[in-house]
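Student: So the protein sequences, as listed, match chains Y and C.
With my numbering applied, the first sequence has no gaps in its numbers, which climb one by one up to 210 at the end.
With my numbering applied, the second sequence has no gaps in its numbers, which climb one by one up to 390 at the end.
Since the hints were made in silico from the structure, they are not lab data.
Watch out, some of these pointers could steer you wrong.
In silico EDC-like pairs for lysine to aspartate or glutamate, Cα to Cα no more than 16 angstroms straight-line [what the hints assert, rightly or not]: (1) C/Lys319 - C/Glu283; (2) C/Lys156 - C/Asp57; (3) C/Lys223 - C/Glu179; (4) C/Lys347 - Y/Glu24; (5) Y/Lys44 - C/Glu283; (6) Y/Lys190 - Y/Glu177; (7) C/Lys295 - C/Glu18; (8) C/Lys347 - Y/Asp85; (9) Y/Lys45 - C/Glu18; (10) C/Lys100 - C/Asp57; (11) C/Lys347 - Y/Asp82; (12) C/Lys257 - C/Glu271; (13) C/Lys156 - C/Glu371; (14) C/Lys100 - C/Asp387; (15) Y/Lys67 - C/Asp387; (16) C/Lys100 - C/Asp53; (17) C/Lys38 - C/Glu26; (18) Y/Lys47 - Y/Glu78; (19) Y/Lys45 - C/Glu382; (20) Y/Lys67 - Y/Glu36; (21) Y/Lys67 - C/Glu371; (22) C/Lys146 - C/Glu30; (23) Y/Lys44 - C/Asp351; (24) C/Lys347 - C/Asp306; (25) Y/Lys44 - C/Glu382; (26) Y/Lys67 - C/Asp306; (27) C/Lys54 - C/Asp218; (28) C/Lys82 - C/Glu18; (29) Y/Lys47 - C/Glu271.
Just a sample of chain C residues kept apart from chain Y, beta carbon distances all over 12 angstroms, derived [unchecked claim]: (30) Asp150; (31) Thr335; (32) Ser338; (33) Glu356; (34) Glu358.
Chain C is nowhere near these chain Y residues, computed Cβ spacing over 10 angstroms in every case [claimed, not checked]: (35) Arg50; (36) Ile191; (37) Ser208; (38) Lys210.
Glycine is no exception: its CB is placed at the ideal position from the N, C-alpha and C atoms.
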Amino acid sequence: MSTMISENNANLRFDLQVIASWIEPGSRVIGLGCGEGELLHYLKKHKNIRETGVEIMEERVATCIAKGLTVIQGDISEEIADYADNTFDYVILSQTLQQVYQPLELIHEMMRIGRQVIVSFPNFGHWHIRGQVLFRGIAPVTPQLPYQWYDTPNIRILSIRDFREFSRRVNFRIIREVAIDSDNRNRFGKITRFLPNLRATYGIFLISRK
Amino acid sequence: MSEYITHDMTGNTVGKVEKKFFTFAEPPNEMILDSKAKLGPITIAYETYGTLDKNRDNVVLVLHALTGDSHAAGYYSENDDKPGWWDNMIGPGKGIDTDKYFVVCANVLGGCMGSTGPMSVNPKTGRPYGMSFPFVTIADMVRTQKALLDHLGIDKLLSLIGGSMGGMQVLQWAIQYPEMVRSAIPLATTMRHSALGIAFNEVARQAIVADPNWNNGDYYEGKKPDMGLSVARMIGHITYLSDEAMRRKFGRRLQDKEDFSFNFEADFQVESYLRYQGAKFVERFDANSFLYITKAADYFDLARQDTSGSGIQVFSRSKARYLVVSFTSDWLYPTYQSRDMVKAIKKSGLDVSFCEIEAEWGHDAFLLSSERLTNLVKGFLESVYNDIRK
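Next comes chain Y alone, as it looks inside the complex (with noise of 0.2 angstroms):
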């Protein structure tokens, strides 16, 4: 399981560069919640993808288009829905889990219409939530994490093992699994091996199903 980390994706953050390392050369992608763009025109201009985003603001929407992406404005529960069976190699849902109403139905659907999928989320289970929740007694908010309780958008709570009981649960198979330690914005960051689900601040899974 190795996450190959190469000169020319530096410029990517450093969760992306590690979804990217995935990536087979020439495969149909689709971002869900693809906000500007970054990965899928990385992965355009570097490995030679077919691409389609789908993101719901306006604004990132015409930069991804502008940036001569395929891009839709849309809802990702309801614009997955129109897409046949097996239409993509990978579909990509980059930290947004924790925003879904419905994540059980959207990994469902993720593994419908693409063979791999390809889900990261800030790690709940950081040390650093812990300790706030444990000592504060507040509600955590890190560079991760940057809302307060009243204006979050993550509205689902989960850590890298629920994740992992998620796979179990829904039957689902873990492919590749990686936790990593970065800002948010970050380019850099390095993989946690030891002790993750405390010391993780994202996790990423390849999945697929069984």
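Fit chain C to the known structure of chain Y by using the hints.
Tutor: Here is chain C on its own, set in the frame of chain Y:
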């Protein structure tokens, strides 16, 4: 529709342009229309901007809306007070960059700006066609544009772009000549004209035919149905704006007066605006053309041309990439109609981008200078252009 354009000879412009004409379908080789009627000879007025590459693969075909014409950009002479209707989009360095692309725009069949239409003289009778002009459809318009491109030696289109009824032609092109179309940009448009759209068009047509001067379409030697046509245009302008646009633009403000006049003169600014637009329109547009072209828009239904009848497979023969754009305050072609289009294109496995632009100006937003729209079009065209050079 060109009331938004102001004089800008000093800025970026394609400069002086010339309207050209192409005549074909001379009898006995008339064109057979969707209505089964034969029409010929047919003249199409058109303009081109930019330079055709030696590979002939940098062509962007611009399709105009209901009352537009071939004059999409530039000036006919130094004394022109206005450039073409989409000068903010077409020109050097603009959204449709004439330093890179060869742009073609033709007046639609049935029009009155140089292409054959009801006011053209029927060579068989020596008099204007009037109501003897055959019914034309969006597909017929597209056939004439194909004939023009054949004449110009163009067999591949880098892209097609148009808003409103121009967007209908974009979609029709993509399914009628799929092998020619690399990409398509339908703006503020629909796969099928809605009941609301038909309703407004019908009221506008009734205004024209109710004008005694209309005389069953035979008015070219006498008084024209100006009142009817101007009312038709007033209805159009209501549909091109929005509740919010009218509130912001006019509110309840009075026109050149302090209080109500207690007569039926134009008290409110909105009344005065509509009257002005109506009066200005009759100077440049033919009432019979308005009847025929609105009917063509009403007949437009891509789903009818789908063998499955559902419309969902209508794009299955297309190989194009699409950029679909709608505008939040457009109530004539609301966003859900663009979403239906996007869904159908997606289901055909084609690449489609979609953006709903926040705009307060209603349907007319696609004609207004907008950095957002310009950047979308520019980025999309560049990406298609780069793809064919890979």
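Student: All the hints need checking, so say for each whether the structure fits it.
Tutor: Verification of the supplied hints:
Between C/Lys319 and C/Glu283 the CA atoms are separated by roughly 42 angstroms; this puts the pair beyond 16 angstroms, and the hint is violated. The straight-line distance between the Cα atoms of C/Lys156 and C/Asp57 is roughly 6 angstroms, inside the 16 angstroms bound, and the hint therefore holds. With a CA separation close to 47 angstroms, the supplied pair C/Lys223 and C/Glu179 exceeds the 16 angstroms bound. Note on C/Lys347 and Y/Glu24: the hinted pairing is violated, with a Cα-Cα distance of about 25 angstroms set against a maximum of 16 angstroms.
Of the supplied pair hints, the one linking Y/Lys44 and C/Glu283 is violated, its CA atoms being roughly 52 angstroms apart against a limit of 16 angstroms. Restraint check for Y/Lys190 and Y/Glu177: satisfied, since their Cα atoms lie roughly 14 angstroms apart, inside the 16 angstroms limit. For the proposed pair C/Lys295 and C/Glu18, the alpha carbon gap of about 30 angstroms is over 16 angstroms, so the pair is violated. For the proposed pair C/Lys347 and Y/Asp85, the alpha carbon gap of about 11 angstroms is at most 16 angstroms, so the pair holds.
Note on Y/Lys45 and C/Glu18: the hinted pairing is violated, with a Cα-Cα distance of about 41 angstroms set against a maximum of 16 angstroms. Between C/Lys100 and C/Asp57 the alpha-carbon distance is near 11 angstroms, which keeps this suggested pair within the 16 angstroms criterion. Using a Cα cut-off of 16 angstroms, the hinted pair C/Lys347 and Y/Asp82 holds, with the two alpha carbons roughly 6 angstroms apart. Pair hint C/Lys257 plus C/Glu271 holds up; C-alpha atoms about 13 angstroms apart against a cutoff of 16 angstroms.
Taken as a hint, the C/Lys156 and C/Glu371 pair is broken in the structure, with Cα atoms around 28 angstroms apart against an allowance of 16 angstroms. A threshold of 16 angstroms between alpha carbons decides the hint, and for C/Lys100 with C/Asp387 the separation of about 15 angstroms falls inside it, so the pair holds. Only pairs whose Cα atoms come within 16 angstroms are accepted, and Y/Lys67 paired with C/Asp387 is accepted, the gap being roughly 13 angstroms. Using a Cα cut-off of 16 angstroms, the hinted pair C/Lys100 and C/Asp53 holds, with the two alpha carbons roughly 9 angstroms apart.
For the given pair, C/Lys38 sits about 11 angstroms from C/Glu26 by alpha-carbon distance, which is consistent with the 16 angstroms threshold. Of the pairs offered as hints, the one joining Y/Lys47 and Y/Glu78 is violated, with about 28 angstroms between alpha carbons and a cut-off of 16 angstroms exceeded. Using a Cα cut-off of 16 angstroms, the hinted pair Y/Lys45 and C/Glu382 holds, with the two alpha carbons roughly 14 angstroms apart. Of the pairs offered as hints, the one joining Y/Lys67 and Y/Glu36 holds, with about 9 angstroms between alpha carbons and a cut-off of 16 angstroms not exceeded.
Under the criterion of a C-alpha separation no larger than 16 angstroms, the hint pairing Y/Lys67 with C/Glu371 is consistent with the structure, at around 14 angstroms. Taken as a hint, the C/Lys146 and C/Glu30 pair is honoured in the structure, with Cα atoms around 15 angstroms apart against an allowance of 16 angstroms. For the given pair, Y/Lys44 sits about 14 angstroms from C/Asp351 by alpha-carbon distance, which is consistent with the 16 angstroms threshold. For the suggested pair C/Lys347 and C/Asp306, the alpha carbons sit about 14 angstroms apart, so the restraint of at most 16 angstroms is met.
Proposed proximity of Y/Lys44 and C/Glu382 is supported: the alpha carbons are some 15 angstroms apart, at most 16 angstroms. For the proposed pair Y/Lys67 and C/Asp306, the alpha carbon gap of about 33 angstroms is over 16 angstroms, so the pair is violated. Between C/Lys54 and C/Asp218 the alpha-carbon distance is near 47 angstroms, which puts this suggested pair outside the 16 angstroms criterion. Restraint check for C/Lys82 and C/Glu18: satisfied, since their Cα atoms lie roughly 14 angstroms apart, inside the 16 angstroms limit.
Between Y/Lys47 and C/Glu271 the CA atoms are separated by roughly 59 angstroms; this puts the pair beyond 16 angstroms, and the hint is violated. At roughly 31 angstroms, the least C-beta separation between C/Asp150 and chain Y is larger than 12 angstroms, which holds for a residue marked as non-interface. Once the 12 angstroms rule is applied to beta carbons, C/Thr335 is inconsistent with being away from chain Y; the minimum gap is 10 angstroms. The beta carbon of C/Ser338 is not kept farther than 12 angstroms from every beta carbon of chain Y, the shortest such distance being approximately 10 angstroms.
Its beta-carbon lying about 6 angstroms from the closest one in chain Y, C/Glu356 breaks the requirement of being farther than 12 angstroms from that chain. Taking the minimum C-beta to C-beta distance to chain Y, about 6 angstroms, the non-interface status of C/Glu358 is violated against the 12 angstroms cut. With a least beta-carbon separation of about 7 angstroms from chain C, Y/Arg50 fails to lie farther than 10 angstroms from that chain, contradicting its non-interface assignment. Y/Ile191, annotated as away from the interface, keeps every beta carbon of chain C farther than 10 angstroms; the closest lies near 34 angstroms.
Taking the minimum C-beta to C-beta distance to chain C, about 22 angstroms, the non-interface status of Y/Ser208 holds against the 10 angstroms cut. Its beta-carbon lying about 27 angstroms from the closest one in chain C, Y/Lys210 satisfies the requirement of being farther than 10 angstroms from that chain.
Against the hints set out earlier in the document, violations occur for numbers 1, 3, 4, 5, 7, 9, 13, 18, 26, 27, 29, 31, 32, 33, 34 and 35.
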